[in-house]
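*Asks:* Protein chains in written order, with my numbering: chain B, 1 to 144; chain G, 1001 to 1182.
Hints were generated in silico from the structure; no laboratory data involved. No false leads were mixed into what you were given.
Per label pair, the in silico range of CB-to-CB distance:
{"id": "1", "chain 1": "B", "residue 1": "94", "chain 2": "G", "residue 2": "1070", "range": "22 to 30 Å"}
{"id": "2", "chain 1": "B", "residue 1": "84", "chain 2": "G", "residue 2": "1132", "range": "46 to 54 Å"}
{"id": "3", "chain 1": "B", "residue 1": "87", "chain 2": "G", "residue 2": "1073", "range": "23 to 31 Å"}
{"id": "4", "chain 1": "G", "residue 1": "1134", "chain 2": "B", "residue 2": "143", "range": "50 to 58 Å"}
{"id": "5", "chain 1": "B", "residue 1": "77", "chain 2": "G", "residue 2": "1038", "range": "46 to 54 Å"}
{"id": "6", "chain 1": "B", "residue 1": "87", "chain 2": "G", "residue 2": "1036", "range": "41 to 49 Å"}
{"id": "7", "chain 1": "B", "residue 1": "84", "chain 2": "G", "residue 2": "1134", "range": "47 to 55 Å"}
{"id": "8", "chain 1": "B", "residue 1": "80", "chain 2": "G", "residue 2": "1105", "range": "57 to 65 Å"}
The list that follows gives simulated cross-link-like pairs (lysine-lysine, DSS-like), each with its CA atoms no further than 27 Å apart:
{"id": "9", "chain 1": "G", "residue 1": "1074", "chain 2": "G", "residue 2": "1176"}
{"id": "10", "chain 1": "B", "residue 1": "79", "chain 2": "G", "residue 2": "1176"}
{"id": "11", "chain 1": "B", "residue 1": "82", "chain 2": "G", "residue 2": "1176"}
{"id": "12", "chain 1": "B", "residue 1": "82", "chain 2": "B", "residue 2": "143"}
{"id": "13", "chain 1": "B", "residue 1": "143", "chain 2": "G", "residue 2": "1080"}
{"id": "14", "chain 1": "B", "residue 1": "79", "chain 2": "G", "residue 2": "1080"}
{"id": "15", "chain 1": "B", "residue 1": "79", "chain 2": "B", "residue 2": "143"}
{"id": "16", "chain 1": "B", "residue 1": "143", "chain 2": "G", "residue 2": "1175"}
{"id": "17", "chain 1": "B", "residue 1": "143", "chain 2": "G", "residue 2": "1176"}
{"id": "18", "chain 1": "G", "residue 1": "1007", "chain 2": "G", "residue 2": "1080"}
{"id": "19", "chain 1": "G", "residue 1": "1176", "chain 2": "G", "residue 2": "1007"}
{"id": "20", "chain 1": "G", "residue 1": "1007", "chain 2": "G", "residue 2": "1074"}
{"id": "21", "chain 1": "B", "residue 1": "80", "chain 2": "B", "residue 2": "143"}
{"id": "22", "chain 1": "G", "residue 1": "1080", "chain 2": "G", "residue 2": "1176"}
{"id": "23", "chain 1": "B", "residue 1": "82", "chain 2": "G", "residue 2": "1074"}
{"id": "24", "chain 1": "G", "residue 1": "1074", "chain 2": "B", "residue 2": "143"}
{"id": "25", "chain 1": "G", "residue 1": "1080", "chain 2": "B", "residue 2": "82"}
{"id": "26", "chain 1": "B", "residue 1": "143", "chain 2": "G", "residue 2": "1007"}
{"id": "27", "chain 1": "G", "residue 1": "1175", "chain 2": "G", "residue 2": "1074"}
{"id": "28", "chain 1": "G", "residue 1": "1007", "chain 2": "G", "residue 2": "1175"}
{"id": "29", "chain 1": "B", "residue 1": "82", "chain 2": "G", "residue 2": "1175"}
{"id": "30", "chain 1": "B", "residue 1": "80", "chain 2": "G", "residue 2": "1175"}
{"id": "31", "chain 1": "B", "residue 1": "79", "chain 2": "G", "residue 2": "1175"}
The beta carbon of each residue, even a glycine, is placed where N, CA and C say it ideally should be.
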Amino acid sequence: MQGLLFVIAAFLFIFSSGFIFFDPLNWNSFAHDLFKTLCHQFHWRTYAANDLYMATCTRCFGIYSGMFIGCLSIPFIRKKIKPVFINAIIFIVSTLAFNFIDFTGNFLGLWTNTLHSRMMLGIPFGFSISYLILTAYYIQTQKK
Amino acid sequence: MEPVQEKSFINISVITGAVIAVVSSITIYGLALMSISSGSPGVAGLVIGCFLCCGFVILPGLLSSRLYIYDIQKSIEVGKGALIGAVSGLAFGVVFGFMDVIWKLFDVDTASLMVEYYIMVMQNLDMPELNDAIDQMRDAQEQASSGIGSILMNIVIVSVINVVSGLSGTAIFSKKFEKNEF
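With the rest of the complex left out, here is chain B (with noise of 0.2 Å):
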């Protein structure tokens, strides 16, 4: 399962950036058509290099960035954190809001979001996704 989930964040994380750094098979038009229904892919709400934009907004990026990195780091810091599931629900519930109470300000235009800090934002949110099921999969696997 552990590694399900991380095949999935890392295929996320890769195509979502859109290769902009480094395209040698020229699959960026191919990301954007994968990620369109998941995205509005605004060209101003992305990080752009080498004249390519990524294939999600900068705050997907970061939900697909904090899930991958969430699969890295989780299984080596759960030796020293004990898994409990109220936490990882607190979390993730909190990271949502944050990420709610963040796009309705700039939609109601009480204040204007940038680039990183929509990322920023992203990040602990797809921690977050990973934090809550690697949990739920170790309290089921130490139970056995």
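Fit chain G to the supplied structure of chain B, relying on the hints for placement.
*Replies:* Same frame as chain B, but now just chain G:
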């Protein structure tokens, strides 16, 4: 004594995915149509902005894992949520693609509709370099693939995302039926 066979999740996953696809297609494109005709993003902007980005897409996996667990009244392995989510996402992707064909019967091209909607949102946001942004969006729409290839890619990515939401749903909803509290 024969082992008790566990109830299949296929029916629940397929029905949940299909129903959410129909509801989300009607909600998203219906709200976009209403916004364009009224000339203001209004509530539709909030709903589409909040839920179109993954919101509706992750629902099938979450909801079908919840319905399945509450149906069999016992906890399941987190890994099984991946399968439940994948099947649900597959059904969602297929029906959501089929709904585009239904919209075409009413002379609504969903891809152009969303581009027009986003352009209207941008005009309401007083964006600098508005014309460049609009040109970029129209170019992107022209370059985007369409037809069966587009639907297949949509099915793949929605299934992948729903594997994650199925895993999350199982992690959340299995807890209630665990014999020992987490």
